[in-house]
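**Q** Residue numbers (the working numbering): 42 to 385.
Honestly, I wouldn't trust all of these hints.
Unchecked claim - Pairwise CB distance ranges, derived in the manner of DEER restraints: (1) E58 / H270: 13 to 21 angstroms; (2) A70 / G247: 53 to 61 angstroms; (3) V53 / V348: 43 to 51 angstroms; (4) N105 / E283: 22 to 30 angstroms; (5) V75 / D293: 15 to 23 angstroms; (6) A93 / G211: 22 to 30 angstroms; (7) N105 / V355: 19 to 27 angstroms; (8) Q65 / D293: 40 to 48 angstroms; (9) P51 / W91: 16 to 24 angstroms.
As the list claims (entries may be wrong) - Calculated lysine to any residue pairs in the SDA-like style (CA-CA distance at most 25 angstroms, straight line): (10) K241 / L379; (11) K112 / A134; (12) K95 / L366; (13) K95 / A132; (14) K171 / V193; (15) K241 / P264; (16) K112 / K324; (17) K97 / R304; (18) K324 / P264; (19) K106 / A85; (20) K313 / Q163; (21) K97 / R356; (22) K345 / R304; (23) K313 / L379; (24) K345 / A132; (25) K97 / E137; (26) K295 / I361; (27) K95 / L379.
I should point out that these hints are in silico values taken from the structure, not numbers from a laboratory. Backbone N, C-alpha and C define an ideal beta-carbon position, used for all residues, glycine too.
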Amino acid sequence: LQPTKREKSPAVTEEEEAISLPLQMLCQAIFDAVLVHVMNSCAAAAGIDWHALKLKLCGALVVNKQANVIKILADQGAYYDADIIFLQEVAGAFVEAFRAHDGLSSRFTLLAPSSVDHVRDQNSLLLVAKSRLAEAAAAEEVRLESALASDVPVADGDVCAFFVPLAGLGGAEPRRVLLASFHGDTAGLASTPVVGAVRKQAADAGVPLIFGLDANTHAREDPKGATKHIGAFLADLQEGPEVLAHCWEGTDTKEWHTTFNARTYLQPQLNKAVRYDERHTSKLTDCNPKDFILFSTSAFEVAKPVVRDNTGQVRFVEGIDFPTLTFPSDHAIVSSALRVRSAL
């Protein structure tokens with residue numbers, strides 16, 4: 042919980058600022074009591090042990106979430122043998138779990154931004170195979186603060202970008218590449234400015250770019266422009282110092298969605314809730330093409346078709362809600378293989 046500061050909310054009085062933390066606790070307690078009453082009333086009629094189910098969900102998605110993420114990365118060859126893994130919305134606990142795992146920590150070099158958000162605890166990271174990058178010290182961080190307008194909704198930890206000397210790109214010596222991982226805002230409005238800023242950094246340095254991101258783009262076009270439409274985002278990739286390609290090219294756009302979940306009524310924003318039997322048709326369901334691997338067309342091309350995974354077993358099951366008890370992410374894993382097009 043964070044106190045409500047008068048400097049950010051001038052209408053708040055000194056007394057209100059002083060009691061903002063205990064008042065938040067009181068309001069949350071009242072809200073929780075309402076939810077428990079609703080669950081007790083509904084579950085009793087249906088004979089459901091809702092508390093046991095809640096504990097199971099908390100165990101899989103909160104208490105043991107990092108262990109489950111580590112297990113997927115370590116046990117699935119498609120991920121353990123990858124050269125680069127782009128991660129978003131990563132908690133500090135993941136970094137600790139990664140470093141404690143002998144297999145992953147010996148296999149990958151971890152790159153993290155110098156500015157991380159310890160409050161939200163949602164940061165972008167890069168894992169680079171040590172066969173490609175032996176030492177993290179060889180990587181040079183790219184900072185974008187001065188390149189982004191003040192109204193671009195980007196928080197500390199959202200962007201992780203490094204110039205990296207990658208081995209095995211067609212020459213005897215490592216070749217410099219800009220790698221970036223990014224988590225966009227809910228509306229997706231920061232995605233184009235951030236991609237543009239990162240792309241300019243690569244162009245100015247004369248190096249190719251590989252960019253893994255949760256762009257938070259939307260399948261439905263908002264007439265008011267409140268969200269970033271997938272079509273507009275793809276058009277933006279054609280602008281700038283170099284055209285960027287993406288991992289989905291050549292595939293059916295119906296297979297691009299990487300999220301599928303909807304809010305229940307057990308949360309405060311009831312106007313966003315979706316009935317269970319309407320979740321496949323409701324416009325409020327988050328079923329959108331949000332995740333991409335972008336790359337410089339002058340240097341790379343897709344070698345193998347993109348693969349989605351919402352099971353943790355390198356396969357995608359259409360129509361299921363996720364996260365699940367065995368898959369701890371609300372975004373599918375997106376993987377692809379790139380081929381060096383020409384000498385860099």
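**Q** Now tell me, hint by hint, if it's right for this structure.
**A** These are the hints, each one checked on the structure:
The hint said 13 to 21 angstroms for the Cβ distance between E58 and H270, and at roughly 40 angstroms that hint is violated. Distance hint check: the CB atoms of A70 and G247 are about 58 angstroms apart, consistent with the given range 53 to 61 angstroms. The hinted range of 43 to 51 angstroms is satisfied by V53 and V348, whose Cβ atoms lie roughly 50 angstroms apart. N105 and E283 have their C-beta atoms about 42 angstroms apart, which leaves the hinted 22 to 30 angstroms range violated.
For the pair V75 and D293, the supplied restraint of 15 to 23 angstroms is violated, since their beta-carbon distance comes to about 44 angstroms. Distance hint check: the CB atoms of A93 and G211 are about 56 angstroms apart, inconsistent with the given range 22 to 30 angstroms. Remark: the range hint 19 to 27 angstroms for N105 to V355 is upheld by a beta-carbon distance near 21 angstroms. Range check, Q65 to D293: Cβ separation about 46 angstroms, and the 40 to 48 angstroms hint holds.
Take P51 and W91: their Cβ atoms lie about 43 angstroms apart, and the range 16 to 24 angstroms is violated. A distance of roughly 21 angstroms separates the Cα atoms of K241 and L379; the hinted pair therefore holds under the 25 angstroms criterion. Restraint check for K112 and A134: satisfied, since their Cα atoms lie roughly 14 angstroms apart, inside the 25 angstroms limit. With a C-alpha separation of about 11 angstroms, the suggested pair K95 and L366 falls inside the 25 angstroms cut-off, and the hint holds.
Between the alpha carbons of K95 and A132 the distance comes to roughly 22 angstroms, so the proposed pair stays at or under 25 angstroms and holds. For the proposed pair K171 and V193, the alpha carbon gap of about 34 angstroms is over 25 angstroms, so the pair is violated. For the given pair, K241 sits about 30 angstroms from P264 by alpha-carbon distance, which is inconsistent with the 25 angstroms threshold. For the hint pairing K112 with K324, the CA-to-CA distance comes to about 34 angstroms; that exceeds 25 angstroms, so the pair is violated.
Taking the CA atoms of K97 and R304, the gap is near 19 angstroms; set against the 25 angstroms cutoff, the hint holds. Annotation: proposed proximity of K324 to P264 holds, straight-line Cα distance about 14 angstroms (limit 25 angstroms). For the suggested pair K106 and A85, the alpha carbons sit about 30 angstroms apart, so the restraint of at most 25 angstroms is broken. Distance restraint check for K313 and Q163: the Cα-Cα separation of roughly 23 angstroms lies within the 25 angstroms cut-off, and the hinted pair is therefore satisfied.
At most 25 angstroms may separate the alpha-carbon atoms for a hinted pair to count; K97 and R356 meet this at roughly 24 angstroms. This hinted pair does not check out: K345 and R304 have alpha carbons roughly 35 angstroms apart, beyond 25 angstroms. Pair hint K313 plus L379 does not hold up; C-alpha atoms about 39 angstroms apart against a cutoff of 25 angstroms. At roughly 31 angstroms between alpha-carbon atoms, K345 and A132 are farther apart than 25 angstroms, so this suggested pair is violated.
For a cut-off of 25 angstroms, the pair hint linking K97 to E137 stands: about 23 angstroms separates their Cα positions. For the suggested pair K295 and I361, the alpha carbons sit about 15 angstroms apart, so the restraint of at most 25 angstroms is met. Distance hint between K95 and L379 is unfulfilled; the C-alpha atoms sit about 41 angstroms from each other, more than 25 angstroms.
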